Structure formats: structure tokens, C-alpha cells
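Line by line, the protein sequences are chains A and B. For the record, in the first sequence the residue sitting at position 168 is 172 according to the numbering used here, with numbers rising by one throughout. For the record, in the second sequence the residue sitting at position 139 is 143 according to the numbering used here, with numbers rising by one throughout.
Please note: incorrect hints may appear among the correct ones.
No copy labels: a pair is met if it fits in one copy or bridges any two.
Cut-off 35 Å, straight-line C-alpha distance, at most; resulting in silico cross-link-like pairs (DSBU-like, lysine-lysine) [unchecked claim]: (1) Lys190 with Lys106; (2) Lys293 with Lys189; (3) Lys106 with Lys293; (4) Lys189 with Lys106; (5) Lys295 with Lys106; (6) Lys190 with Lys295; (7) Lys295 with Lys189; (8) Lys293 with Lys190.
Source of the hints: derived by calculation from the structure; they are not laboratory data. Since we're looking at a predicted model, the values are computed, not measured.
Protein chains: 2
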Amino acid sequence: MTPLPQKIAVIGAGDIGCGWAALCAAAGWPVTLFDASSRSMERAAIDVPRRARALVALGHATEGMVERGLLELHQGRSLLQTVQGADWVIEAIHEDLGAKQKLFHAIEEVAAPEALVTSSSSGIPPTELFSRCRRQDRCLVAHPLNPPQLIPLVELVPGARTAVASVTRAQEYLRALGRMPIVLKKPVPGYVVGRIAAAVWRECIDLVLTDVIAVDDLDRAVSLGPALGWAAAGPHLTYHLAAGDGGVNAFLQHLLASFEGWWGQLATWQRLEPEQQRALTHEVERAYKGKVEELREARDRRLSAILRALEQTRTT
Amino acid sequence: MTPLPQKIAVIGAGDIGCGWAALCAAAGWPVTLFDASSRSMERAAIDVPRRARALVALGHATEGMVERGLLELHQGRSLLQTVQGADWVIEAIHEDLGAKQKLFHAIEEVAAPEALVTSSSSGIPPTELFSRCRRQDRCLVAHPLNPPQLIPLVELVPGARTAVASVTRAQEYLRALGRMPIVLKKPVPGYVVGRIAAAVWRECIDLVLTDVIAVDDLDRAVSLGPALGWAAAGPHLTYHLAAGDGGVNAFLQHLLASFEGWWGQLATWQRLEPEQQRALTHEVERAYKGKVEELREARDRRLSAILRALEQTRTT
Numbered sequence: 005m006t007p008l009p010q011k012i013a014v015i016g017a018g019d020i021g022c023g024w025a026a027l028c029a030a031a032g033w034p035v036t037l038f039d040a041s042s043r044s045m046e047r048a049a050i051d052v053p054r055r056a057r058a059l060v061a062l063g064h065a066t067e068g069m070v071e072r073g074l075l076e077l078h079q080g081r082s083l084l085q086t087v088q089g090a091d092w093v094i095e096a097i098h099e100d101l102g103a104k105q106k107l108f109h110a111i112e113e114v115a116a117p118e119a120l121v122t123s124s125s126s127g128i129p130p131t132e133l134f135s136r137c138r139r140q141d142r143c144l145v146a147h148p149l150n151p152p153q154l155i156p157l158v159e160l161v162p163g164a165r166t167a168v169a170s171v172t173r174a175q176e177y178l179r180a181l182g183r184m185p186i187v188l189k190k191p192v193p194g195y196v197v198g199r200i201a202a203a204v205w206r207e208c209i210d211l212v213l214t215d216v217i218a219v220d221d222l223d224r225a226v227s228l229g230p231a232l233g234w235a236a237a238g239p240h241l242t243y244h245l246a247a248g249d250g251g252v253n254a255f256l257q258h259l260l261a262s263f264e265g266w267w268g269q270l271a272t273w274q275r276l277e278p279e280q281q282r283a284l285t286h287e288v289e290r291a292y293k294g295k296v297e298e299l300r301e302a303r304d305r306r307l308s309a310i311l312r313a314l315e316q317t318r319t320t
Numbered sequence: 005m006t007p008l009p010q011k012i013a014v015i016g017a018g019d020i021g022c023g024w025a026a027l028c029a030a031a032g033w034p035v036t037l038f039d040a041s042s043r044s045m046e047r048a049a050i051d052v053p054r055r056a057r058a059l060v061a062l063g064h065a066t067e068g069m070v071e072r073g074l075l076e077l078h079q080g081r082s083l084l085q086t087v088q089g090a091d092w093v094i095e096a097i098h099e100d101l102g103a104k105q106k107l108f109h110a111i112e113e114v115a116a117p118e119a120l121v122t123s124s125s126s127g128i129p130p131t132e133l134f135s136r137c138r139r140q141d142r143c144l145v146a147h148p149l150n151p152p153q154l155i156p157l158v159e160l161v162p163g164a165r166t167a168v169a170s171v172t173r174a175q176e177y178l179r180a181l182g183r184m185p186i187v188l189k190k191p192v193p194g195y196v197v198g199r200i201a202a203a204v205w206r207e208c209i210d211l212v213l214t215d216v217i218a219v220d221d222l223d224r225a226v227s228l229g230p231a232l233g234w235a236a237a238g239p240h241l242t243y244h245l246a247a248g249d250g251g252v253n254a255f256l257q258h259l260l261a262s263f264e265g266w267w268g269q270l271a272t273w274q275r276l277e278p279e280q281q282r283a284l285t286h287e288v289e290r291a292y293k294g295k296v297e298e299l300r301e302a303r304d305r306r307l308s309a310i311l312r313a314l315e316q317t318r319t320t
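Next up, chain A with everything else stripped away, as it sits in the complex:
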């Protein structure tokens, strides 16, 4: 069993970086957070404790720890000072391959020899991300979903040169944080979640732009429909359980013909042209105009309620 980390370095103080920082600090792990933008750092000083409080409310962190100053959250003064002495360096900057490659190169210069280095990239293969690192054995992707402190899944994507021990260590850290790490057997662009999300989003955009359904009706249809089933079981298991005792084989016999008919009809475009972007933006803004804050709060309440319900289910 790997000892727990004594210092976490989080580079990038956007939504993903603040989520990682809140998750680790709420677990009592000392976190140093760094962002080249002082505005992002100022925002993070408010945002990370806010996220930590949400974890307390969920019962995932010690009651009152934020108020009693138990959150060990430090503002890094430089990349060097942030990364130095860290057991785990978490990259969480914007999704730009060149910027990430440069950052990993700089991290390597200053990181302790035993540091674990993970990228929060949502889809770039690790071999590209870490191409400028000499020590790729300790590097891998640990892709969280948004918000990272709430959604349990973290995709672990090792590269060809990642050491098995580094994958194991990342799994142990993540499990200690209450996460569910899933290891991909091989890296593909978009990993697993990005590809599935891309398949969903393309069809959802197409259904709106071809005027089959309104934006808010589509969102309701997914969230009160198939998403509930997938949250309860996952797609393969859903179909394995859908045809009685015959399992997925019986399901294929009954419904493959329908699916094959639909597969031939799904959207296949690969670019969203500027006029389509404008049309989509127009439809989404029209559906949700003036209600964004209210919808964000409702989303957060729903997500927290679902997570709490699922945790109670696991323990009963």
C-alpha cells in the first residue's frame, strides 16, 4: 500500500483544478494550487472552500473543517515552488496540447524523482501529452468529470511507457479520495467518456437543428429518460437485463433490427459549421435565457441528491 501523499500540486485553477484542490484538501491532504493568472487565483480562493463545503454537506468531509481552518490549501507562488516536494502533481490547465507538453517538460525539471504526474486532459492520448518527458513511467492521464469533487468516475489512461506501479498508485490515491478509477486497456482519442459524450452530443445537436425537438424538451427527455437507466446500470448491463433471462443475446434477437435501422440514420457530420454553431447557441440561449443561475442550482441539487441516494444504496 502506497503511503498517502504529503503534498499535492495542482497546476491550473479553473473548474477542474479547483475541483481537484477541493477534493484533496477536503480529505485532509495538503494542496498547493498554482495558476499563472492572478485573477484565477483570486477566484480559486473563494471557489475551492465553496466546493469543500459542498463535500461537507454530502458527508464526504469533516463537519466545520472549512470554518475551523482545517483546509490545507496553499497558493503557489511559482511553478517551481508549487511542484517542488510534491508527491502528486496534477495538471489541470486548458485543453491545448502544446501548452500541456511544455508544462510537463517544465514540471519534469523541478518535480521530485518519486512524484506521480497526472494530466486532466479529456481526450488527448498520453503518448502525445508526455512526448517531451524523459520519465514517462510516472506519467498518466487521470481524467475527472465536471465537477471533479462530485462525479465519482476518473478515467485512468496509461501510455505505452507508463509503469504499472504508477497506475496502481494513481488508483490508490483516487480510491482514498472516494473516486472510482477505471483503467483503459489502451488509449484512444477521447478515451471512453469523451467518445460516448461526443456520440450523444452530435445526435442531440442534430435533433435540435433538424427541428425534431426543442432544446429543453430534449434535455428533459434525456434526464428523465435514458440517463436514469444508465445511472442505475450502464448501457451493456441495461440491455443484458432488458430481455428477461435470455440476457443480451435475447435482446439482440428482439431489437438489433431496430438498432440497425437507426444506426443507418444517425448524424454523421464531423464539423459543426459556423452557421450551425450560431443556430445551436441561439436555440440553447432561447431555451434557458435568464434562468441560468436557477438551473445551475437545480442541477447541483439534483446531482447531490442522486449521489447521496446512490451512496445510501451501496451501504444498505
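Chain A is fixed; fit chain B onto it per the hints.
For chain B alone, coordinates are given in the frame of chain A:
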């Protein structure tokens, strides 16, 4: 406001028909259920009360109503006797266009002039389903998800000749049953849910058959990852809320390039060849062998817990 129906006829006593019957009977509506197979009818006599009890447990039906004999569930002796005098005729037989067309033709012969007629088809356009009916004004698709008594969404798909009043009436019946009816603006094969599910499933099959991820890891990745987000907000709203105050427009600026890269790489095959069907069946059975009953119960517990949590969120 349409008066509530005094008699519901459900034709087909499989999973979907039993779900409809339980939902209506648990609401106190008299239901007559008919299936040409006596074996299905025998199973339904046990299955419908079991589903109704689950609705009682969720607080959706009167405590003890099953035990006190308050479930008005009748076994139809023939199609004629089942449909005669019904305000609402629900077709829920297997997904076979010819069989459904023939059934709707037979229903039309015996249904009361004012009866509403709905099909539970999961993707066939209404114009095809009702092509042999003279009175298409009262016919539309009302597609529930599995299990119909639990998942709130019902897709309403009117055909070109469906009367607006029939759509309104279906919405009123469904809302009275605690359902969330969503009306499509025009019919497409697979409707909305089937197309999105088809996009998801193709990619999920592909990720397993190309050995990127194991079946159970993929299911966990979806259910503990994106499905939670979609259950809380739906795809368009998720992305509208994901990029801070900039909304979907800012999201497109940051992440469209990633999505476009993935769209170009997603699975595009339209048939699942026999050897792929065998490979998929093999992988799914290997992942879940000997655990199906346990997994079904866990799925049902998770789904009930999520639904209860979401209902409490709505009322707070």
C-alpha cells in the same frame, strides 16, 4: 380538462404492457389487460401486482392497495371484450410493424368512437404504424421507457393526421399518471430516445470489441460518470452550464475542436455482424455471469433511490 379514463385497455402483457397496466391500476384506473398467449397472461397476474407494490413503496400509490384488492386489474378474454368501451387503448405488443398494423386495424373495428389509441413502439413512425386505420386523428405514439412504471419520460409522437386534441388528451392522461410526456415536433425513426440510445450503444459496443475497455468497466464508467451529469441536467444544459457565464457559446470555443476530432473517429458501422454479436454476447456474459439476479436487484434499488431523491429535490 379531459375527464379521467373509466377503462384502460392494454394489449400485450410483456414488460411494457405489464408496466402500463401497473401504472394505471396503481392510480386507481380500471385496467383490462389482454395477451393472445395464456402463458403471458399467467405471468402478468403475478407481475402487475409486483410492479404496483414497487409503486406503493415509492409513495406513488395508496399503501396496502394491492393487499386490500383495490387494484382494478381485469384479464381480457378477447381483443373485442378488452377494447370495447375503453377510453384509452394502449398497444404494447412486440416491435413488429406488420403485427402492429394488423392490430390497430382490428382495434379500430371494435373501439368506441371516442377512444384514444396509442402505440408503445420504440421507433416506428406513426404514419406507418397507423396506415391501416381510417381514424388516424385519435392515434399517436406514446413510447415509455423500461420499466414504464418507474422511468418518468414518455415520448409522444403524433403523425401527420393526429388531432391536436388527441395529443393534449394523451398529455393529460400521462401527467395524471405522474409521467413526463415530451412531444416531438416531427416523427423520425427511433424518435429521440432511440436515436440517442443507438448512438451510445454503437460506441459502447465498439469500445468493447476494439478492446479499449472491459464490459463492466465501461458500464461503471457511464453510470458513475456522464450518466450522473445527464440525469442532473441533460446534454445541452450540461454544456451550457460547463463554461461559466459564457454559456454554450464559450463551451463551443473551448471544446468544439476536441469534439470535432472525436466525431471523426467514432464508430460508423451500421450492422452488427453475426461474429460481432457472438463476441459481444461472450464479453457481456463473461462480465456478468452468475450475477444477473443480484445485478437486477441492485439496478432496481439504484433506480428507485434515484427517483425518490429527484422527487424530494423537486418538492424542496
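Treating 35 Å as the Cα threshold, decide for Lys295 and Lys106: within, between, both or neither.
neither (40 Å within a copy, 47 Å between copies)
When no copy is named, should Lys295 and Lys189 be tagged within, between, both, or neither for a Cα gap of at most 35 Å?
between (42 Å within a copy, 24 Å between copies)
Indicate which option fits the pair Lys190, Lys295 if close means a Cα-Cα distance not exceeding 35 Å: within, between, both or neither.
between (41 Å within a copy, 27 Å between copies)
Which holds for Lys190 with Lys106 at a C-alpha limit of 35 Å: within a copy, between copies, both or neither?
Answer is within; shortest intra-copy Cα gap is 24 Å, inter-copy 50 Å.
Between copies, within a copy, both or neither: which fits Lys106 and Lys293 at Cα up to 35 Å?
neither (39 Å within a copy, 47 Å between copies)
Indicate which option fits the pair Lys293, Lys189 if close means a Cα-Cα distance not exceeding 35 Å: within, between, both or neither.
between (42 Å within a copy, 21 Å between copies)
How do Lys293 and Lys190 come out at 35 Å by Cα distance, when the copy is not named: within, between, both, or neither?
This pair counts as between: shortest inter-copy Cα distance 25 Å, intra-copy 42 Å.
When no copy is specified for Lys189 and Lys106, does a C-alpha distance of 35 Å or less occur within a copy, between copies, both, or neither?
within (27 Å within a copy, 49 Å between copies)
Going down the numbered hints, you'll see the structure goes against 3 and 5, while the others check out.
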